[in-house]
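*Asks:* The primary structure of each chain is shown beneath.
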Amino acid sequence: MLRFFATRLGWLLVTVFVVTFLVFCVNEFSPGQVARKILGPYATPEQLALLTQQMGLNRPVFLRYFGWLEQTLRGDLGYSTLYRTKVNNVIWTRLANTGLLATIAFSVIVPLSVLLGISAGMREGSRLDRTISVASIVTTSVPEFASGAFWVAIFATWLGLLPGTSPLESSANWSIPQQLVMPVMVMVLYDLGYVVRMVRASMVEVMMRPYIRTAVLKGMPYRDVIMKHALRNAMIAPFTVILLQINYLITGVVVVEALFAYPGFGRMFLDAALFQDIAVIEAGAMVAVVIAVLTQIIGDFGYMLLNPRIRFQ
Amino acid sequence: MAVEIAPATPSLRRPTPTWWRRLSLLRESPIGIVGVFLVLFWVVIAILAPLIAPFDPNESDYTALLDPTPSALHWLGTDNQGRDILSRIIWGSRTVLIVAPIAVFSAYVAGSIMGLLAGYYRGWVDNLLTRVSDIILSFPVIILYMIIIAVFGPSALNIVLAVTFVASPQIARIVRGLTLELREQDFVAAAKMRGESPIYIMLVEILPNARGPLIVDACLRMGYTTITIGVLGFLGLGLPPPDPDWGGMIKESYGMVSVYPHMPLIPCAAISSLVLGFNLLADGMREISLRD
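Those protein sequence lines, which keep their order, are chains A and B. The numbering used here puts the first residue of the first sequence at 1, with every later residue one more than the last. The numbering used here puts the first residue of the second sequence at 1, with every later residue one more than the last.
Just so you know, these hints were derived from the structure itself, not from any lab. Some hints here could point you the wrong way.
[Stated by the list, open to error] Label-pair distances were calculated between CB atoms; the ranges are:
| hint | chain 1 | residue 1 | chain 2 | residue 2 | range |
| --- | --- | --- | --- | --- | --- |
| 1 | B | N127 | A | S175 | 20 to 30 Å |
| 2 | B | L137 | A | T165 | 29 to 39 Å |
| 3 | B | R27 | A | M227 | 32 to 42 Å |
Beta carbons: idealized from backbone N, C-alpha and C, even for Gly.
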């Protein structure tokens, strides 16, 4: 088990290393000039050359990458040309804001998708199953920006019940919980269908197993068959999928954050990408990769704990 | 409480249906039929775009700026620049239905080559390709798209390249799994005995026999790519203006949602219906492939 974690953490390091280096190289093609962005359109060529020299931007890419790596290991993520402050001052609050959104969405998605998936997979082909299956295809087919626009038009414009933007500042009109309702709703709707289908598929498979047949035939109440035999076994396979949603919810919510002007990690990354703010892109990519690989490791670990048939390798 | 227990059905293998028979099997799946019709609807519209679009999609009708809501002249209204929304939707369907299939196809070419090589040769080729795709797969998709498009600039070609880069490892994984299974089959052994080249075996013996799951996946991927193109347009990373692009239309008019909700909602409905079509079609085909 120790070896399992050691190899996994080793791979985490390799992945972070490769990805950050690739992002670094890709940024070499970036048509914008860093010095020009900091100094503005009226800077003279001499000033630009001086700042480029001072920031060390004229050194070869390898040297700069290792410089960046050394700086990052000391905890300094560099200076953001877009926010005009240290990246450290921006990225962590943004990540915390997105974490808040993701936590709420996750705690809605998990119980709801398990409930719907189990009810659908309990009797394959029943009317309830078909309704839930079709509904989950429909909700995943509507992109987040589309469902967001629909809900804003209904709840913000037409009914006036909820705010159309969520800047996370308590204004006179809307409290922060009210601001969180619609972003969470959009995320849950888009993501729910996928998880429901995974839980359903697993449940359908479990219900065909001989031990379920035995439990039913020996006269066990149907409720107990589901709760005691089917549910536990049906949750093993979707466990990893559910955990991977954490990754999506933290790093994939760019659209929702752009839609509701939410000051989160995704929108920071989008703004940085549009502005070609290399320091923020690098730091954001690194954080995103670490989150992605960590959720994978936790997922694999949990999967092995749940399913003793798989050994630690 | 009545409990139905699935009987252990013997798996009778029907002869592999031809393309047409496979498609006509969809009649048995109402969901699949709805999907076929939704997709066909947009395909026909995209093909007939020059004939049925009432206006030039990039031409502004300045008299309509006073009241851009739907009228007898502009059936779905006009956007914030006085351009006819119906015409932009019709022409925009062309953009999506050209870029998405090309992107999916090129992702499939790259992914199939990687998957076939990894699954057929195993060994270090397999290890290398699996490691590389693990690294790409561990990266959040949307952030990868943003980096690629932001750095290389927004254009149709770059969207195709970005989708290929992101999707081909996923496809390679599926193809690899199918190849591992198929390479042990007798017909592959027979082809080897005949002295066929590995390329022939991979492309003629293995790939066509793996097509069932791949077609379903390609269909899902078309829907997903449609969403991706929409997302990139919405985030300002899509196709450059002024050519009509559904995601871009939503981005341009989203700020007006409280005044003129029809401007963003119509392209939203268009994208959603096309994606729904692809997803329902994929579900119908999956249902049928499970049956035979």
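*Asks:* Is it true that L137/B and T165/A lie within 29 to 39 Å of each other by Cβ?
*Replies:* Because 34 Å falls inside the window, the suggested range holds.
*Asks:* Holds or violated: 20 to 30 Å for the Cβ distance of N127/B and S175/A?
*Replies:* Taking Cβ atoms as reference, N127/B and S175/A lie about 54 Å apart, which means the hint is violated.
*Asks:* CB of R27/B to CB of M227/A, is that within 32 to 42 Å?
*Replies:* Holds: the Cβ-Cβ distance is about 39 Å, inside 32 to 42 Å.
Hint violations for this structure: number 1 only, all remaining hints satisfied.
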